[in-house]
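Asks: Okay, here's what each chain looks like letter by letter:
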Amino acid sequence: MRNVSVYYGGIRALDHLTLHINAGELVALIGSNGAGKSTTLKTISGVLRAKQGLVEYRGEDISHAATDHIVAVGVSHCPEGRHIFGGLTVRENLRLGAVARRDEQTLQRDLDWVLEMFPRLQERLNQLGGTLSGGEQQMLAIARALMSQPQLLLLDEPSLGLAPLIVERIFQVIRELKARGLTILLVEQTVHQALDVADRAYVLESGRIALEGTPDALKHNPQVEEKYLGQG
Amino acid sequence: MKINHSRLWSWLVAILILAVVLALLQASGQAFWQGIVINVGIFIILTVSLNLSNGFTGVFSLGQIGFMALGAYGSAILTLPLREKAEYLPRLPAWLAGVHFDFFVGPFPLGFMLATLIAALLVALVALLVGLVLMRLSGHFVAVATLGFLVIVRVILFNADDFTRGSRTFSNVTPYTDLWWVWVWAVLAIYVVWRIKFSSFGRTMFAQREDRAAAQAIGIATMPPRLLAFVVSAFFTAVAGSLYAHFITSFSPTVFYFDLTFRVVTMLVLGGMGSVSGSVIGVLLVMALAEILRRIEDVNQLYGLSGVVLAVIFILIIVFRREGLLGSREIPFDRLWQKGGANQSAVISEQ
Amino acid sequence: MPLVYYALQQVINALSIGSLYALMAVGLAMVFGILRLINFAHGDMMMIAAYIAAFALGAKLPLPVAVVIMLGGTVAVGMLTERVAYRPLRGAPDVALLLSSFGVGQVLQNGTLLVTRLMQKPILIAFPAPEVLSGAVALGPLTVSRLNIVSLSAGVVLLVGLTLFVTRTTLGLSMRASAEDLVAARLVGIKINRVVTSAFQIAAALAAVAGLLFAVQAGQINPYMGFTPVLKAFIAAVIGGFGSIAGAVLGGFVLGALEVLLTALPGLGDLLPPGPVADFFKTFLPSSLTSYRDAFVFVALILMLLLRPNGILGKDERET
Amino acid sequence: MKIRLLVFALGLIGVLLLAACGGAAQPTSAPPTAAPTQPTAVPAAPTSAPASAEPIKIGGGFALTGDESVLDLPAANGAKLAAKEINAAEGINGRPVELIVHDSQYKMDVTAQICKQFVEQDKVIAVIGFTDTDSVLACGPTIQKAGLPFITAGATSPKIPTQVGDKTYLACFGDNVQAAVGAEYGASKFGKTAYLLWDKGVEYTTLLADYFKKRFTENGGTIVLEDQYDDKATDFSAQIAKVKALPKQPDFYFISAMPYNVGPVVKQFRDAGLTGPIIGGDGYDTPDIVSVAGKAADNVYFTTHALIDAQGGTEGIKKFIAAYNKEYGHDPENAFAALGYDTMYLIADAIKRAGSTDAAALLKAIQDTKDYPGITGKISFPDGAHVPQKGVTVIAIKDGKFTLGVEMVPEKVPAP
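Chains as they are written, first to last, in the working numbering: chain W, 5 to 236; chain L, -16 to 334; chain V, 111 to 430; chain R, 20 to 435.
So here's chain W without its partners, still in its complex pose:
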């Protein structure tokens, strides 16, 4: 992502932002509310359009590609607030996760794999998405995002509003996914935990990269400590 600027109406949300993610890396994006974290993810997945700049994925310019194309080439965005389809069953939700894929044969294999990772969903396959608990919904959202067989997973606030125990479980999953070689861009408010799993992290402030570095380096940066880690 190079030199990207994004506007909401007249308001600039991203200001000449440049960042990159290497294959297999888990990169965390941290920053306060309104810093542009979610906007960054939305711009990558094509929900928002960059007014200037370039979004490149594996050498392909996807700045103007349709979202479905971006998903098809392997970028999957698991949005903030989960956005599962409440009126559809869990099975249907998962099936739609794979909607952009062309290879129907491996679908069942992936479904098994995802359900293995989230056994809770297995039990609730035929239940409506809307009847699941918050944690289950988050798992469903991640599972759905995985169904598209992504190479790059964009995770937006997966721990938001969840009980600590479940947050723990989510991060466990994230580690698992990382171990499987998935590239992940993680947006998190719980900065500690994010930095614990990340290989690298960016700190965003009003649409610009304020800092960049390894988790260790950032953790010891006084600015970060004061602003984002606080007492916690």
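To be clear, the hints were calculated from the coordinates, so they are not data collected in a lab.
Some clues are possibly wrong.
Unchecked claim - The following label-pair restraints were derived from C-beta to C-beta distances:
hint : chain 1 : residue 1 : chain 2 : residue 2 : range
1    : V       : G250      : W       : Q109      : 50 to 58 angstroms
2    : W       : E64       : V       : K231      : 54 to 62 angstroms
3    : R       : A329      : V       : V114      : 46 to 54 angstroms
4    : L       : L(-1)     : V       : P198      : 26 to 34 angstroms
5    : R       : K164      : L       : L115      : 41 to 49 angstroms
6    : W       : R53       : V       : V194      : 16 to 24 angstroms
7    : V       : L413      : R       : N344      : 25 to 33 angstroms
8    : V       : L399      : W       : G138      : 51 to 59 angstroms
9    : W       : S137      : V       : P198      : 35 to 43 angstroms
10   : R       : N344      : V       : G250      : 50 to 58 angstroms
11   : L       : V282      : R       : N344      : 42 to 50 angstroms
12   : W       : L111      : L       : D194      : 40 to 48 angstroms
13   : R       : K164      : V       : V175      : 55 to 63 angstroms
For each residue, glycine too, the CB sits at the ideal point set by N, CA and C.
Got chain W; can you put chains L, V and R on it based on the hints?
Replies: For chains L, V and R alone, kept in the frame of chain W given last:
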């Protein structure tokens, strides 16, 4: 409120010019052009008042023509001569059957004016009641609900045979409406709506149109401005209905239905939702265009052509210039005569 | 027992008209769900279908061929309107979409008027009803019109088919998903344009079937024939909760029943043997009340919007 | 940018207004709404009549488009044919006649407008036209106030002259006459019980039903059930369900309907298995009844002004059919073509006798009309009547064709 004398002066100059034009037209005896100018005036009242309710507040009502129908029937029943009343509406209740608003003060038909006012005030009352219920809704649900109101009015007019003759022609209405009547009302409607726009009420209307939640958050109650706009709009719409009734002299409920609604909405959207001067321009453009197209239609018998062209223009506006010609800006005709005024602020911007 | 037949007859009427309303309302609901567009031009799709069918049948084409032409033509018009008048308005306020659909309706109506004019046809043209859809069949002691039977069965078949489509196929699931959450639908990679186009195609096809049946019933067609049915379909959709397909079906049948009740009950006084019961009906439900039916129905609509804006089956999650 | 917008908008208005002026400035010889379907309109300056003489202008108000056009279009064509024939035969008192036709679109506001246009712009000396009572009520008062004579071709309400005024005449019989014929015919042919259904939204159908009921019950008949529907209804299932719930079907059904409802209502009655005889008024006189209802239209009877049939008709009718066919390329659609034709000749005859186009003289001449031999029957206005006494034709539909039942004068006519 402090009155700005140069502005008042501008209003007076504008009205004077209008009066001279009308007098010349009156003297010319050109019945055709008089008819057109009367129609323009009536549509200006309709569009400007629709703008007040739909444009300023953003609560898109499709039921205004129902108020027009009520105004038309209400005042026509009051002014219908007694002989015609007995002949056409034999089952009117006694207290109405004997009423004939035909008093004159010299050549001035005071009865017509009273009938118009009574009908319009009653309609405003109806609008208040309807508004209390419907103005709670937002977005397109208001549109559907107010359209429902239009249908209900139509059904009632169809079925209240004793008062309206049902869907049969209501005829023999005295042709009181002339250039002066229409344009006095039109100027009044423009003036009132203009003043509302630049009053604190007007500002709250626009504020809650832009963002209802934000307006509520800073303590603006959305109901009073919406209701005020709806009721005042209904009042003037009913006046237009009365003028129209006493102009065309024969009508049936079908006249006041969706065709007319769409025509007025087109004028509003073309001119710009929120702009009074835009509405006037919208009326002039659509009327001129419709008249030209009607001629082409008549010569070539291509009925439907004008409808297609107007609707296509309408869609193009919605797609490419959603705010209409003027948006919510105004042509400051009340400052055109001020020295340098036109240069300083050619267009007043509302936001 | 004529009164029993009267009741049975009214039930059949309710089901038959209800299924037509359901067909219309489902089309509205599908489009509304995805685009938040209240499509005023939906009734005009019905009208277009009736005209295409009239010309095809008038040219002595067999019914199945005429139906295929009708479906094809109407679907094409539906897609065209979406491309021209709604797609450029993605992301615009609700009212802009609504107004645009007004414009589309006016174009279709006046365009039809113009075309019939150019073809030297009168405004009101007689609909050449196919033989299969005319006449009555004896069902035991009841005589039921063929049209009623066809309307009801067409409604049931199409609605069942549609249910299978939206629960079993990926495209159908994508539609439901898009209706639920457009952003999430995009994020999982659903091709929104394709979904929207399909929704318009299906809506147009359903409207086409309803249009054919309405035209056969009315016996004649005119460019404005779509206006009242689309208003009724709005009501059905609102009753069921705008945007929900199951709700729209239910709303259609509820509206059909409501309408028939409002016409059947006031008529009862004339049919009952003279006595206090008949007098009661004649006093409190005189048959002249029947013509207020639409007013009652629209009052119900407004009440519904106020009290249960999400319909009988609707959920409150949309409330934002 | 804002100024540019302003200039643009004002400029656009200016251009449009100029264009409108240009349009208006055209000579009014081709009036804005003169519009039959055929391009061969009435020649303004026909060849046979002295071209130098100023034409006599007569207004023709007809709903050439809209739902009533199935009756008005033939009537307008008939009137234009008559005008053409008159001009071919030296005109009226040496002056050609110019029939200025405007389309009322069957909208009451437009109707009122075009009638104003007749008076204010076209400066006609008389107005003819319309086949429905509502249109006459919309147009009439304007003509009445201008003091001009107005003859309606096919509006049959006998109340018109009292409702509109003393300058209005009918060229056709009144509804009380045809309703009486319907009632007497039904009673004698089918029996003494009837079902009555009417369109409650239209003057004509309401009056016709009313007169029928009066005459039928007075004649010893019983109405077993009466019902009504909204104008332009397309679904009659509610009414039909009630008929079917009757313990015993009546001897016949009298359905008072507008031409645009006739086909559907008959068809739906038959579709529901109600096969008894249906009787109606002259609103049934449209080819649409057969094209909509098809075979279902059999066993339908209706009262009208004349049977337009090249075999069964009178000499005058036969000649008229031939002339109409030559002019328009097809036979007259219904009796309203003949009524339009008669109306034009009727006014021409009065102008000839009056010897002037002065309104008062013309009105007197119309009132004095005695036994004018129209092709739809003899026309007189005896004793100050404004509705002529004419015979009524009953037509039976058989195998999808109009056939002559009887020609009748009713025994007794209900008061208007």
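Asks: Please write out, lowest number first, the hints stated earlier that are contradicted by the structure.
Replies: Hints 4, 7 and 11 not satisfied by this model.
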